[in-house]
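Can you make the complete structure from the sequences, with help from the hints?
So that you can map any letter, position 151 of the sequence shown is 151 in UniProt numbering, and since no number is skipped, the others follow by simple counting.
Please keep in mind that the hints were generated in silico from the structure rather than gathered at the bench. Note that CB positions come from ideal geometry on N, CA and C, so glycine has one too. Hints are not guaranteed to be accurate.
When the alpha-carbon atoms are kept at most 30 Å apart in a straight line, the in silico DSBU-like pairs for lysine-lysine are as follows [said to hold, decoys possible]:
#, residue 1, residue 2
1, K164, K218
2, K218, K168
3, K87, K164
4, K170, K87
5, K218, K170
6, K87, K168
Estimated spans, in silico, between C-beta atoms of each pair [unchecked claim]:
#, residue 1, residue 2, range
7, D58, A259, 35 to 41 Å
8, F296, A111, 44 to 50 Å
9, R304, D332, 15 to 21 Å
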Amino acid sequence: MPTTAPPATRQSDLVRAARRESVTRTPVWFMRQAGRSLPEYRAVREGIPMLESCMRPDLVTEITLQPVRRHGVDAAIFFSDIVVPLKAIGVDLDIVPGVGPVVARPIRTAADLDQLVPLTPEHVPFVTEAVQQLVRELGDIPLIGFAGAPFTLASYLVEGGPSKNHEKTKALMHGDPELWDALCARLAQISGAFLRVQAQAGASAVQLFDSWAGALSKADYAARAMPHSAVALAAVEDLDVPRIHFGVGTGELLALMGAAGAEVVGVDYRVSLTDAVERLGPTYAVQGNLDPALLFAPWDALERRVREIVEEGRHAPGHIFNLGHGVLPNVDPDVLTRVTALVHECSSRR
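If you want it as structure tokens, here you go:
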């Protein structure tokens, strides 16, 4: 089944930048742009648990559109959570406010893998419905679909929730590599299928989030994480949608993350775009990489840094302006609007 992304989005600055083509100005979107920093988001989510809000197409559509209306960004990011596909296939988990995803039955043995059945479109009809609604509403503005990468999902499942040190995860990875690979193989199918559902419903690009990949050495990433991310990314290879691959603290892994099957590599704020391009070569566009904490700085300091990043991005094969990680919840939304306008102004090629 071919992708149904609107033809107009193929000529959007975001998709063109992802494909390393000429743009009229540097495109902008922000990770976590649809979320807690917006009062309209808090109003519409009031009293509704996170997972429920991700499974109601009306809410997903409204929340996804909010930052596009407010900030004038060049793309919408599909509102969801990386554990939604796991919940959809029946894994007993919840997103606990102030904690994050908590798994009732962590995966520690081969028998625990029975929780992970293959994801099909029938598991997530609410995703297809929401993406189709959004594509109609957005018109020529691209929608970015997303999924969590196998390593990051595996860490949540093995630890039973968020972890700073990933000690159980690494113990399993090294102590029982066969079980580890069996776990990640199942997760690669789930992540890839989740991306594919969004792309087939009309998303114009997709992003694979590997939030915890920076906890791995280069050797461990290459052997135990990258092959599974490659499977997930390959699930949409035939659909003509650019693939963005992002991780946190992954400066040493950038080239491997590109080689896993991405057109765009996300760069966090710890590595300059100049250094990232040097590590990646001419084959990949880059995305990033303003430090989210700088959104709290005085405007003159913030403006200076935004202009520096735009200038660095001019020398990249393609550049999508973003933060080096997600929007922090207590950011003033007006600052994001102002940053968007500044990027557009100082990067205009017209």
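Checked hints:
1. K164 x K218: 19 Å, holds
2. K218 x K168: Cα-Cα ~19 Å, so holds.
3. K87 x K164: This hinted pair holds, its Cα atoms lying about 23 Å apart.
4. K170 x K87: Given that 30 Å is the threshold and the Cα spacing comes to 24 Å, the pair holds.
5. K218 x K170: 14 Å, holds
6. K87 x K168: 22 Å, holds
7. D58 x A259: 35 to 41 Å: 40 Å, holds
8. F296 x A111: 44 to 50 Å: Once the Cβ atoms are compared, 48 Å apart, the range 44 to 50 Å for A111 and F296 holds.
9. R304 x D332: 15 to 21 Å: Given a distance of about 18 Å, which is inside 15 to 21 Å, the answer is holds.
Checked against the numbered hints above, the structure violates none of them.
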